[in-house]
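Residue numbers (the numbering used here), protein chains in the order written: chain R, 1 to 348; chain Z, 1 to 348; chain G, 1 to 348; chain B, 1 to 348.
One or more of the hints may lead you astray.
[Unchecked claim] List time: in silico SDA-like cross-link candidates among lysine to any residue, alpha-carbon distance up to 20 Å:
1) 189(B) with 190(Z)
2) 189(Z) with 192(B)
3) 128(Z) with 94(Z)
4) 189(R) with 259(R)
5) 189(B) with 193(Z)
6) 189(B) with 187(Z)
7) 189(G) with 193(R)
8) 128(Z) with 140(Z)
9) 189(B) with 42(B)
10) 189(Z) with 258(B)
[What the hints assert, rightly or not] Part of the chain B face toward chain Z, derived, beta carbon under 10 Å:
11) 191
12) 198
13) 200
14) 242
15) 253
16) 255
Since the hints were derived computationally from the structure, they do not count as laboratory data. In this text, a Cβ means the ideal position worked out from N, Cα and C, and glycines have one as well.
Number of protein chains: 4
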Amino acid sequence: MRAPALRVAVLGASGYSGGEIVRILLEHPAVEIAFLGANRSAGATLAGVHPHLAGTRAAGLLVRPLEEMDGIDVALFALPHGACAGLAPPLLERGIRVVDLSGDFRLPAAAYPEWYGFEHPVAAWLDKAVYGLPELFRDQVREAVLVANPGCYPTPVALGLAPLLREGLIQPDGILVDGKSGLSGAGRKADEGAMFASTEESVRPYRFPGHQHTPEMERALELAAGAPTSVAFVPHLVPAVRGVLVTCYARATRGATTEILTDVLDSAYAGEPFVRVLPAGTMVDTKRVRGSNVVELQAGVDPRTGTAVVAGALDNLVKGAAGQAIQNLNLMAGFDETTALSTAGIYP
Amino acid sequence: MRAPALRVAVLGASGYSGGEIVRILLEHPAVEIAFLGANRSAGATLAGVHPHLAGTRAAGLLVRPLEEMDGIDVALFALPHGACAGLAPPLLERGIRVVDLSGDFRLPAAAYPEWYGFEHPVAAWLDKAVYGLPELFRDQVREAVLVANPGCYPTPVALGLAPLLREGLIQPDGILVDGKSGLSGAGRKADEGAMFASTEESVRPYRFPGHQHTPEMERALELAAGAPTSVAFVPHLVPAVRGVLVTCYARATRGATTEILTDVLDSAYAGEPFVRVLPAGTMVDTKRVRGSNVVELQAGVDPRTGTAVVAGALDNLVKGAAGQAIQNLNLMAGFDETTALSTAGIYP
Amino acid sequence: MRAPALRVAVLGASGYSGGEIVRILLEHPAVEIAFLGANRSAGATLAGVHPHLAGTRAAGLLVRPLEEMDGIDVALFALPHGACAGLAPPLLERGIRVVDLSGDFRLPAAAYPEWYGFEHPVAAWLDKAVYGLPELFRDQVREAVLVANPGCYPTPVALGLAPLLREGLIQPDGILVDGKSGLSGAGRKADEGAMFASTEESVRPYRFPGHQHTPEMERALELAAGAPTSVAFVPHLVPAVRGVLVTCYARATRGATTEILTDVLDSAYAGEPFVRVLPAGTMVDTKRVRGSNVVELQAGVDPRTGTAVVAGALDNLVKGAAGQAIQNLNLMAGFDETTALSTAGIYP
Amino acid sequence: MRAPALRVAVLGASGYSGGEIVRILLEHPAVEIAFLGANRSAGATLAGVHPHLAGTRAAGLLVRPLEEMDGIDVALFALPHGACAGLAPPLLERGIRVVDLSGDFRLPAAAYPEWYGFEHPVAAWLDKAVYGLPELFRDQVREAVLVANPGCYPTPVALGLAPLLREGLIQPDGILVDGKSGLSGAGRKADEGAMFASTEESVRPYRFPGHQHTPEMERALELAAGAPTSVAFVPHLVPAVRGVLVTCYARATRGATTEILTDVLDSAYAGEPFVRVLPAGTMVDTKRVRGSNVVELQAGVDPRTGTAVVAGALDNLVKGAAGQAIQNLNLMAGFDETTALSTAGIYP
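Use the sequences and the hints to build the structure in full.
Structure below.
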């Protein structure tokens with residue numbers, strides 16, 4: 001007898017991440033999209049808010065006010081920062097598991113005022129939240145009731161640096177991360193700075209210092225590698241829609257070479273379906289992983305200056321958001337971790 | 001007992017269409033990718049020629065010289081014009097079915113010298129070739145041994161105009177088609193005119209008069225609607241990678257209105273999984289169908305001038321090439337027509 | 001003794017066209033930018049509203065409320081439709097000459113309710129307005145006190161078709177214009193449909209039927225060629241910032257060939273600094289004219305169907321707006337017509 | 001009496017930098033474009049190799065073989081690395097001054113085998129070459145007979161960091177430079193990796209370690225600030241045509257703050273027409289300086305980690321190549337340094 005489908009709610013269904021969650025779940029044989037929530041678009045159909053999904057079997061599903069959610073097993077939150085912290089606890093108390101794509105459960109309580117601008121309202125739940133980077137914390141995710149889905153920038157940083165820190169191949173302090181992101185990371189809301197006319201031919205840094213992914217990188221690395229690190233982070237916008245590239249700089253320790261770093265990453269991720277470590281001398285490319293749940297990683301050492309460089313590329317809406325959330329969902333629900341998730345990029 | 005998988009060869013595996021065929025076939029439960037052929041890349045792996053497929057189970061398949069092909073049931077040809085006409089007949093004689101993505105089997109023999117610049121070498125096979133536009137010629141495709149997969153421009157033109165011609169709502173002569181295409185249609189080969197620096201911010205017509213899709217449009221319309229038409233066609237390049245938009249202009253006959261045209265298209269494609277007729281007043285968008293096998297159609301009448309306008313949008317590498325080829329393959333093999341084909345666009 | 005500079009006001013200084021007017025006027029030796037008006041940005045400096053002009057001598061000019069305008073000789077209006085019709089008459093009565101970049105003075109009074117949605121408030125001034133397409137109406141512009149600066153789409157249509165109509169080489173009825181525009185034509189205001197994430201990889205028609213440039217095309221052609229025409233027009237958005245391409249289709253009259261059409265255009269624009277007629281068989285390209293005041297034109301005939309095709313390309317913010325306005329200003333003021341205007345595109 | 005025009009040769013006239021030199025020189029009242037040299041395009045007109053310049057007075061100039069150059073005062077070399085080192089010395093000996101846009105005269109002789117792959121053929125001339133960054137070495141440029149025009153990446157790095165090094169506000173070792181470049185930097189030659197279809201939506205590092213601009217950065221900083229530095233550099237390609245952004249990371253010394261760094265840069269470049277230091281907290285943008293000879297600089301300190309960050313943006317074909325070459329030419333010839341050079345970006 002076939003098991004009944006897992007009933008999943010998507011909150012924030014009208015945004016880019018919400019749409020991507022739905023698109024991926026449509027390929028999931030064991031999930032029922034049981035609720036689509038979005039206050040502003042309530043009353044519209046899925047096809048109305050996401051016309052690219054008009055040809056799918058979910059096209060006619062109604063988007064409903066968040067408070068009408070009922071009869072679900074798992075809630076995926078793709079709402080702006082601050083919303084899930086308020087909405088999740090009552091669900092959790094009723095036994096509904098939660099994956100939160102916002103930053104609400106990624107940091108210690110003390111960090112919220114500085115980095116997110118609010119006092120965390122349910123600090124007790126922070127201790128129970130698991131940081132949902134499966135390749136580093138798979139076992140905890142399996143047991144979690146509340147998963148903090150990682151940010152798009154911290155995901156490749158943590159995956160790329162954690163194994164090197166564990167092996168002592170790079171210094172934990174003085175890490176620099178230079179991030180490049182396409183525009184979909186800024187969300188769907190109209191904004192002059194994100195217009196086509198403002199963005200084509202524009203490369204620019206933003207929000208430095210102070211991007212909220214900075215402490216998340218430090219925390220993820222500490223959780224994964226066991227010791228504190230210090231990270232400075234400058235994000236940039238580039239004229240692309242999808243895609244995040246991070247270039248991480250650290251001081252290599254004596255003896256570290258491109259080959260050694262590459263080998264360590266290779267070993268760390270052997271058998272991982274969604275991490276692709278490139279051979280020494282090969283370069284990552286966001287375009288290759290677009291639409292897939294794959295992270296590409298590359299490592300190198302500049303022997304002249306002793307600088308270790310690790311670059312990572314992913315699709316910010318998939319491995320950097322919706323895809324990783326479903327990877328976490330699969331683990332929490334006991335499904336095959338790769339269900340519904342693609343390893344093939346859409347190219348060109 | 002499960003049926004043995006259909007053994008499929010992909011010829012021209014190193015090009016964009018070839019890569020897209022492989023990407024889609026990887027989702028096909030009843031197909032085995034039995035041979036990847038490409039003379040220039042012979043010896044490389046699939047991941048070597050298409051790094052975006054490095055994470056898939058086909059990554060290690062070797063690309064081999066065309067003449068080594070053996071042990072297959074169906075051959076999908078994604079080679080330049082002129083190649084399939086030479087290579088297909090011996091296969092067909094051995095009972096191997098063929099889907100050709102080039103123009104080699106789309107026109108009557110007499111048209112080849114003018115439009116393709118060569119005398120057709122196997123005119124007898126032209127009569128047996130079926131024009132593979134399933135929504136118009138599904139029954140013939142089911143029985144075909146040789147399918148001429150339609151061009152990216154003629155597909156939306158034929159789908160958009162055939163029902164209106166059949167109903168006598170537009171005049172068959174004086175049809176004008178203005179086409180807009182992204183750069184992937186020009187193929188993967190390096191060329192100064194297709195460089196990023198030459199293309200961003202560039203909108204330009206090309207190959208007018210004389211684009212080889214012109215007689216294909218006329219022929220597809222005649223086959224579908226039963227009477228000769230006259231089409232002038234101007235294609236344009238726009239700074240996009242995927243996507244073809246056609247805007248078709250015809251003289252509306254007395255009484256034709258936007259609503260009537262829309263209704264006729266709606267009825268013609270009711271139940272079709274891959275044709276989406278937009279409500280009157282709504283506009284098609286190539287971005288919405290990217291990565292999917294869907295064609296969006298929209299019809300309107302300018303009552304002031306009596307001009308009927310039908311616009312159609314598709315992903316030239318999917319419904320305009322690889323996806324449609326697999327749709328044809330599904331029909332020829334008796335599979336569900338939609339197997340492995342997506343109706344969800346990748347957006348944004 | 002050097003003449004005192006012409007004191008020019010730019011109204012709507014904070015928009016794209018306003019910024020482009022200022023950028024060009026900075027190269028003008030006989031013009032003083034005497035007033036920058038924009039209600040919403042009033043109080044900011046030019047560099048504040050247009051940071052790309054921060055290094056220029058006008059960087060510190062204050063943007064002021066429109067009603068503070070005083071002490072000027074000529075006013076260039078780059079405000080939304082409807083504004084100039086209200087603001088210009090009192091200025092004109094005080095002897096201030098006006099160039100209006102909006103549509104307020106381009107059509108007969110009777111056309112405004114249908115095409116612009118308002119009753120024209122000062123129909124008497126419409127008769128005195130000159131349609132400012134210098135290559136067709138140069139003598140009238142020289143004498144004008146009120147110039148209606150043409151729309152970006154009608155400019156290449158009128159330039160491309162008027163000589164052919166005059167020579168009887170194309171039929172005046174049944175003209176079709178397929179327009180392709182970059183996003184800057186939609187203005188600077190934030191809008192979801194014009195976001196980078198909505199626009200990259202998107203090609204789509206818009207506003208059909210009913211774009212307000214349709215009657216302007218008909219009127220410009222009638223003024224220039226002396227007989228009524230009938231035009232249907234479908235505009236499209238393509239993922240570019242600057243650039244308008246129009247592809248015009250008409251029935252060729254007996255005997256018309258690509259060479260004849262090209263010769264007629266060549267003769268019509270011999271000596272014109274801002275019109276470049278391409279040799280037969282060469283294709284126009286918006287990228288080549290970017291940043292310049294040049295229109296590229298190309299003509300061809302499809303002998304199979306008797307279709308004449310004329311394509312025209314320009315930079316919508318220069319020859320399609322600000323550059324043409326300054327070309328008109330030069331004529332009105334008795335300056336060399338080319339002053340401050342570039343014939344060199346910015347490429348790549 | 002007006003002085004006779006300076007007769008200038010442009011070698012490598014058919015490339016992007018060559019075209020940009022010509023475009024700018026067309027605005028120069030004291031320069032005659034006396035020779036256009038390019039071996040591969042020899043025999044074509046300027047308009048033939050650069051159709052965007054077809055409307056200019058230089059359109060008909062013939063491109064000629066390099067060896068036919070004669071009767072010139074100054075030669076601007078925009079040829080690939082290695083060419084100028086061979087061709088310049090005989091010219092210099094005849095008293096012709098040279099500005100070289102390649103890397104042939106930027107480094108000490110000993111560095112060429114490692115970074116450029118050749119033994120420098122005329123090491124004696126290296127000592128006489130002046131590094132042509134006018135804002136740092138203006139006096140030497142005025143006296144130079146041979147100017148090494150800086151690379152596009154080193155220009156903003158040197159301008160951004162030299163004043164801070166001089167003031168001891170950052171540590172000279174452990175400097176990291178993360179570069180982002182559009183595709184025009186890769187030149188005009190067709191290449192699969194630079195195709196539109198390969199580049200849109202692609203962000204990727206390249207040539208690390210070992211980019212030849214690395215030692216140039218170190219040398220420029222040492223020349224300007226008087227002490228050795230150590231720089232690691234990772235360049236990236238982003239989907240833009242023009243534009244280089246560098247993000248430079250260094251350890252701030254005790255007491256350095258965003259305000260202090262900004263003040264130091266402000267003072268260093270007060271009065272410089274082509275350097276724009278942004279107020280603290282404002283972000284540079286390549287799009288704002290496109291088409292202009294301006295560098296935008298921004299400085300900040302992350303107090304949490306003690307990281308100083310300096311970002312710089314320029315148009316790689318103007319301030320990063322052709323514009324800077326003409327700025328040098330102006331200085332060498334005693335013209336006003338800003339002649340023909342724009343401070344206004346083309347936006348949007």
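Tested hints:
no. : hint               : result
1   : 189(B) with 190(Z) : 9 Å, holds
2   : 189(Z) with 192(B) : 7 Å, holds
3   : 128(Z) with 94(Z)  : 15 Å, holds
4   : 189(R) with 259(R) : 44 Å, violated
5   : 189(B) with 193(Z) : 10 Å, holds
6   : 189(B) with 187(Z) : 17 Å, holds
7   : 189(G) with 193(R) : 10 Å, holds
8   : 128(Z) with 140(Z) : 10 Å, holds
9   : 189(B) with 42(B)  : 16 Å, holds
10  : 189(Z) with 258(B) : 48 Å, violated
11  : 191                : 5 Å, holds
12  : 198                : 8 Å, holds
13  : 200                : 5 Å, holds
14  : 242                : 9 Å, holds
15  : 253                : 41 Å, violated
16  : 255                : 44 Å, violated
The earlier numbered hints that this structure contradicts are 4, 10, 15, 16.
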